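Asker: Single-letter residue listing:
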Amino acid sequence: MNRKLTFACLALVASLALGATAALAGTARGTSDPGVTSSTILLGGTAPLTGLASPYASVSRGADAYFKYVNARGGVNGRTIIYRVVDDGYNPALTVPATRQLVEQDRVFAVFNSLGTSQNLAVRPYLTSMKVPQLFVASGATTWGRDYEQFPYTIGFQPSYQAEGWVYGKYLARTAPGATIAVLFQNDDYGKDLLGGLKRGLQRSKAKVIAAQPYDPTSPEVSSQIAKLKASGADTLVIFATPTFAVQAYTFAHKLGWKPRRVINNAVASASTTMARAAADGQNPLVNSTISIAYLKDPTVAEWQSDPAMKLYRTIMARYAPDANADDPLHVYGMAVAWTAVDALRKSGKDLTRAALQKVLDRFTAVGNPFMLPGIIVKTSGKDHFPVEQVLLQRWQNGAWKSFGGLWGYRAS
Amino acid sequence: MSRTTLRTLLVFVAFAVVVMVLPAFVNDFRAQQFSYVGIYLIALIGLDILTGYTGQISLGHGAFMAIGGYTTAILMIDHGVKDIATIPIAILVAGVAGVLFGFPAARLSGLYLALATFGIAVATPELIKRFEGFTGGGSGVNLFGTPELTASLTPVRLAGVELNFNNWLYYLAWTLALAGYVIAWLILRGRTGRAFRAVRDSETAAVSSGVSLTRMKVIAFGISAAYAGAAGAMFAIATTYVNPDTFPVALSIFLLVGVVVGGLGSLKGLVVGAVFIQFMPLWTQSISKKPGAPAVVYGVILILVVLALPGGASGLVSRVTQLVRRGQDFPKP
Amino acid sequence: MTVFFQQVVSGLAAGGVYGALALALVLIHRATGVINFAQGEMATFSTYILWTLTANHGVSYWPAFAVTMLVSFVGGIGIHQAVIRPVERGSQIRVVIVTIGLLLLLNGLMTFIWTGEIRAVDSPFPGGTLDVHGVVISYRDIGTIAVCLGAVVVLWAFFQFTKVGLALRAAAVNPAEARLVGIRVTWMLGLGWGLAAVLGATAGVLTAPSVFLDPNMMQTVLIYAFAAAVLGGIDSPIGAVVGGLILGVGLNLLGAYVDFVSELRLPAALLVILVVLLLRPAGLFGTPQVKKV
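Protein chains in written order, with our numbering: chain A, 29 to 441; chain B, 1367 to 1699; chain C, 373 to 665.
Wrong hints could be hidden among the right ones.
What follows is a set of in silico ranges between Cβ atoms, one per label pair, in the way DEER data are often shown [to be verified]:
hint, chain 1, residue 1, chain 2, residue 2, range
1, B, G1446, C, V630, 50 to 58 Å
2, C, V545, A, I238, 42 to 50 Å
3, A, S260, B, D1567, 57 to 65 Å
4, C, G499, A, P205, 34 to 42 Å
5, C, L650, B, G1446, 33 to 41 Å
6, C, F533, B, R1691, 41 to 49 Å
7, C, L650, B, S1568, 22 to 30 Å
8, C, L650, A, G261, 20 to 28 Å
It is worth saying that the hints were derived from the structure and are not from the lab. Just so we're clear, the structure is a prediction, and the values are computed from it rather than from any experiment. All C-beta atoms in this analysis are idealised placements derived from N, C-alpha and C, irrespective of residue type, glycine included.
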């Protein structure tokens, strides 16, 4: 009696399992290049929708809003863009299966704007071997452009961190020849790239980095590092940090009574919202006159309030991402990349294939991206696969960024 | 062979058959997800031996997985060792680490041990980053496409069957998992297993019976770390990439979650625990992508599971089978 | 020399926060024998309540502070009754998992309600600093340290001199016998959680003005708080705060004078946990446990 029951249960379990898994079986395969049908283009990407890096989810939200806007106006060469974002919690171990899912199960046309350096590093060889475009990686690591020959399907977008650091270095060399520089930097490739660029920009100038303090992203706060930097007696503070720590840097420097002659804050941490936070209603004078770079239009900057592109930005956000905070400049970043992607896809023609896209990206020029600062061109050619290499310098004055001077162009070498 | 043993054997064989046949019924990508279930199962078996059977809490088993994973990665990239060949070495290295940790850990108990192992879990990513020259630091080590990684670029032929990467991973992971399950079962039903349980149930009684607490704890740590090392090695092979962030604190925590959900002190529910760890995060995201919502759902479900099912999944199964049996034995009024 | 003292001062301020959170951990452990992994998130949640009252509802600081403490107190009791009570007498591992579930739940809830954006929180203390021979000490730092020491004193007095405090201690040490004497043990344990929640809220409110508020504000602080609690003695309130202060200063000095420690603060703190647990599990101020055979 018992044995029969046991076997019956086993049979039931087995058939349930088989039935369930059969139900889980995947979708049918497509024809021609994956991700492209006569009416749709499927793009996929990974982003930290949850976890410590979740503020960066705004990037994909902005891009998604822009794609919806483009779709509403006829799409790209008659095709609507479907943009699928998968959460990887900023953990590369999750990026890999998620990306494989996008490529092998969802069969995307291209992996678009996945966020994070190590996250994209984790999947780069895989995507290259599968010949899937790793399009406009959301990371400023230099490797995307530098290692183009080895990984031809991968292309970055934003000015690399090294380029950014180099601009600061050149700026200081030019305007503050004898400066003594103290740097707070995040102890990973991001911070180190910025620092490396800074030092390169300072080469052959009398301005020197006399103190550099790393901090780990897992530190609760950076008061000790700031104290050490202050003790070096430097007259220039450079902050290469993520927003939370950049704000802390200002706060602790102020608390300690340190008054460096000039402060530089990197682009990732210099959003108006962050700067306003650090300024603490005018109580922190260090924030005034901070220098940073910009290549995108900041939605909270007065200069762009009546700009038609920024008005369009707000309209798109209100319509397609109504719950999001439109003041968050990461949305603009997402839209700028999405605009560029749409441009590239359009230029690839009605007969859309990965090969066609790759050809376009090989020698790509996109002028007039409405979300980028005027004059900045997205361009690749020959050996230069860094799409954006121009920036403007800006100075924080009386609660707002004001750009000054002309475009700085960086030649990646 | 006793009836219970026979029954267990039959269930196990049925399960193994289902596992081996599964890839024919699901697509590649699902197979890949199920390979991760197998990988987590290996780690959960090890952790259950330590925590469920020997009563030593570990919130740091992700660290042993990291040791296994990095051993595999470094051997493959720097020394050209084939992926499968790295697995025994990873097991050994992690096992030794477990034994070494076991000695001081044997002096701690309960929450102190939990804190100490938690500390190890938190420190591990930092230490990996620190020893950059050896581990590749934050940029990590990418294994994809290297000749040492089987089937990543071209399918492999095994016993006349061609396997692509996903299916190869699946069979490798589950072969290890099933083998590990059998080994654990054998260990736990023998003298060592009884000694483990004695340590868990009452250290005083154990000592009185002549069981050496330290020795048993060290052995338990060593074995469980070895399992975690195997899981870590498989994890590296499956993910094809290791860096400090691939073995975060969350991993250690989720392993313990998996053991509790599966059922502490019992092997049969661990598959459920492994399925929980792998699929619950994905499932909660399918409910809502709004930032924060998946975590809320996960937390609520976790709390409910622990509150409602003291014995985890295997406890539930036991209760159900008991009810069924009771229904059989007593004639209905 | 000023460098040294400066690091000491900022170390004391940071350590005060670790100590305050450690105090909450110790309280819960003494009361219910549980390590509450969600303590940090509870503290952050309380800080969000303060923030939303002052920033979104225009409530002025001190009334908002009072409301926050009250809500935290009630919340702490509520959490204990709802999810901890069913499991606290069982296996410790299950309780740990419940607190971990709570951690995930609260963190997700904060992100859901208030998003991950960084928020600025007012400080109860005036801005401004004192300059003592080149060492800059801010009023906020002094305030933080004072509050933490004050909290220990108040707590100690509460336990020593009040009936409720005595009842709490009794309930923690021997629930069965405490019941015989008429103590409502369940309420006492809940009370312990409520007080701990208030302490955690205090830690959060003290640190947020400097480090700024976001859902993950207390996550690493929690680890340092564990280290502080272990160092000081997991059952000793005084030990928790002293442990926190020593840890804060020690890490700062190490970071300032030993180069490679700068990036290795966290492992250094954890090494402390490990070493203390191995050499003297009871910590500096705890009473060594004797196992009766």
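Asker: I want to verify a distance hint. Is the separation of the beta carbons of L650 (chain C) and S1568 (chain B) within 22 to 30 Å?
Answerer: Given about 24 Å between the Cβ atoms, the range holds.
Asker: Does the Cβ pair G499 (chain C), P205 (chain A) satisfy 34 to 42 Å?
Answerer: Hint holds: Cβ distance 35 Å, inside 34 to 42 Å.
Asker: Is it true that V545 (chain C) and I238 (chain A) lie within 42 to 50 Å of each other by Cβ?
Answerer: 58 Å Cβ-Cβ, so the 42 to 50 Å window is violated.
Asker: Could you say whether the range 33 to 41 Å given as a hint is met by the Cβ separation of L650 (chain C) and G1446 (chain B)?
Answerer: Roughly 39 Å apart at Cβ, these two residues keep to the hinted range, so it holds.
Asker: Could you check the hint for me, namely that G1446 (chain B) and V630 (chain C) are 50 to 58 Å apart, CB to CB?
Answerer: violated, 38 Å
Asker: Verify the CB-CB distance for S260 (chain A) and D1567 (chain B) against the hinted window 57 to 65 Å.
Answerer: Holds: the Cβ-Cβ distance is about 59 Å, inside 57 to 65 Å.
Asker: Would you say the C-beta atoms of L650 (chain C) and G261 (chain A) sit inside 20 to 28 Å of each other?
Answerer: violated, 42 Å
Asker: Assuming the hint says 41 to 49 Å, is it satisfied by the Cβ distance from F533 (chain C) to R1691 (chain B) or not?
Answerer: violated, 58 Å
Hint compliance for this structure: hints 1, 2, 6 and 8 are not met, and every other hint is.
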